[in-house]
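Spelled out, the chains give:
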Amino acid sequence: MQPALPRGFRDVLLDEAREREWVVSTVTALFSAWGYDPVETPIVEEYRTLEAGVGAGLEETAFRLFDLDGSMLALRPEMTVPIARVVASRLAGTPGPHRIRYASQVFREHASLRGQARQFTQIGVELIGAPGPAADVEMVVLLLGALEAAGLRSFLVGMGTADVLRALLDRAGGPQQWRDAAVAAAQSRNLVELDRLATRQDLLPEVARALREIPRVSGGREALERCRELADPCGCAGSLESLAQTWEVLEELGVTASVQLDFGIMRSFAYYTGLQLEAYAPGLGLPLAGGGRYDGVLSVYGRPAPAAGFALGLERVMIALAEQDATPALEPLDAVLGGERTAEVFRAAARLRESGWRVRVASGVTGLALVREADSRGAAEALVADEGRIRRLDRAGEPATALGTPLPAAPRFTWAVRGGDVE
Amino acid sequence: MIARRGADRRLLRMALPKGSLYDGSVALLRDAGLDVTGLEDPGRQLTVRAGGVEYIIGKPTDIPVYVAYGGVDVAIAGKDVVLEADLEIAELVDLGFGACRFVVAEPQDAQHTVAELYRHLGVIRVATKYPRITDAHYASRGLQVELVKLSGNIELAPLIGLADQIVDITATGRTLAENRLRIVEDVLASTARFVANPVSLKTDSQRITALAAAMAAASEEKGPQQ
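Protein sequence lines, in the order shown, are assigned to chains A and B. Sequential numbering of the first sequence, starting at 1, is according to the numbering used here. Sequential numbering of the second sequence, starting at 424, is according to the numbering used here.
No lab work stands behind these hints: they were computed from the structure. Just so it is clear, the structure is predicted and the values come from calculations on it, not from any experiment. Here a beta-carbon is modelled for each residue, glycine too, at the ideal position from N, C-alpha and C. It is possible that some hints are incorrect.
Quick partial rundown of chain B residues pointing at chain A, CB under 10 Å, derived from the structure [unchecked claim]:
| hint | residue |
| --- | --- |
| 1 | 424 |
| 2 | 513 |
| 3 | 536 |
| 4 | 567 |
With the rest of the complex left out, here is chain B:
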């Protein structure tokens, strides 16, 4: 698979993720000195042109696909979706914002501990939106799991008896607590990253490197944050 976008490359194309990372992304671009006219309130618009950049506003999990196949040159994407996609992408800058962590959680009132279940049944049932990360995590622990991939509201899976544990991302842990789940283990931490298509990085290296430097400087100025 390869994106076909013609040889006209005057505009650099950058994908931005809808949802929780969006506002932070626009703020960082502004701090990095980019023209963000039209980005603050794009409405239902999927593409915005400003200051020599064509912005593509996409679903977070699709952004690694856009980047790896060359549909866009660069993007802001959460480390979580980058890891889950497992595609060839150049990761240039840790932007520091959008921090969240992957955790393993289980019901607070679980009658049997998972260790006990595992001893008798030899397998744990795990629900997640991120099968690749989850699989790698349990494999590194040497645990046998049955993975159930769901598309959202992972907290429900233990409530309806579909899973013993879940692997999900959380920023504050509130949703988990509200659903009477407790965090038992950290899998990994994620922040927003500035990523690039490996070939764009070669053929358009000056613009992309300059952009990466500006964004690194802007994110450093802000310091670590939520």
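In isolation and in its complexed conformation, chain A is listed as follows:
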């Protein structure tokens, strides 16, 4: 048979896998330095557990399966809800706040012929049990740090809040159907529809105006002022307070250069309650990262707690890096080590590795064949283990100088250009 993968899944090989691994490890190291600890959850969850946390959106995105008992299960479509479940159950007795990080595969169902992957990798954090602007600042600063650590040269973080729209809708009152339509229009960024909904006859003119204008407001401090001007006559200015305080601190820290306030951000998951975050790379039509505050999710599992988090989409980050000519440079191989006697080859290889070399063994291979092997692996040196010494081979495959004692530093640290000629 011809082996094949299901649509939307793929293998990640060698160079690409190493590049991804580098990004994951450098971002993870940053999260770790901030005191975030890893959590691993099963890739499969009970459908109803996920549904309680994710909300109605799950129906379209969940990759569903049934087990032999007939239980409906789903592959996790994101990590926030599984981690909220862990915190509400296993960690319920542990004092917070909890700082949790992950780098995990998530799965989403897509109709065919849309060219969409069904498996993604998300690198993210959740800060559970910490309320308010201080925690929100941590999310923004950490997101900025993560984008930088990943190697992106150019990016923009957009931050908004779900509170203002919520306050406006409360003020607007009216039928639930109208309210649902307004939320849907804001989420899908359908400003035409929002304008139409704002023409409802019994709407106060200041509320109608705020509904029309606020989703269009973005920028720096002046955006905050503009939004306040619009929200104040509706009695909704209080809903801006948390975001305003967060912005103050970010300004004080001097990190607002690549941050933009944006009152049009309304992320698709119904669970966001305050801060909303998105990160963009110029020239890439989809966000690199997203997140925000979701104070309501934990209460679904009976353990109410304030919570915030974000996740980077690894695949999108890799595309942005490639677009910005910033794909991580892989460490080359220092040497391929051959020789007639296997035990001697392994012993010599161990010595080299102790000195920091990346070495691949090729026991039984010597001469020109070994030089060719080193070339094809991109190794800086072709070496042979020979009677207790480690000798270089020249281009013709003849033994040349031996490495001295102590062994020299690995070529990848000392050579400007890899694959240079042996002296």
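Assemble the complex: chain A is given as a structure, and chain B must be docked to it using the hints.
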């Protein structure tokens, strides 16, 4: 799926739909103060550069795809194709022109009314180019339908016995009448919209917002039209 177009974004990229919305789009751009040199008669050219904008001339149904995946920053697209595509797109301005409506139509001389058919067979056969919109419409009525997706000349489907009703767009209703079909119900109305990729809207917000405002002003000046 994500478009890869490099980090060089000096030119704003705008998609325009070929066909019935094309002339109206160019006229509106001109009224909004944009340089439309080369757009009036692009011939077989698919891209035109004028006044800091790179125009991409595409098939109407493909335009939401270009926008959602970031191949272009902004576009003019009919509400009909935007709805049918069901992709993540920011809809900024109702441009007012290119008005048409989605209707349900059936043969004028249908021997059995559809209600009668439905009572006996429990299902209606419907042909359309727009399966998503059609499906949503009948679902909201609680009617069971068998959908046949065709790519054009939907009026033919009842004539050859393939469908009891069709869902199609019409501006004047003439084609339907010529094929002896009558409109039985309105599904929704559509006009041209100015739409944007949600990320472009963030990363290039000044240019796009200014453009949206200029186009809104130009379309308002013209007032409602066909």
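Each hint, compared with the structure:
Checking residue 424/B against chain A by beta carbon gives a least distance of about 4 Å; that is within 10 Å, so the hint holds. Here the hint on residue 513/B is kept, as its CB sits about 4 Å from the closest CB of chain A, short of 10 Å. The beta carbon of residue 536/B comes no nearer than 31 Å to any beta carbon in chain A, farther than 10 Å, and the hint placing it at the interface is violated. Evaluation of the residue 567/B hint against chain A yields a violated restraint, the C-beta minimum of about 21 Å exceeding 10 Å.
The structure fails to meet hints 3, 4 from the earlier list, while all remaining hints are met.
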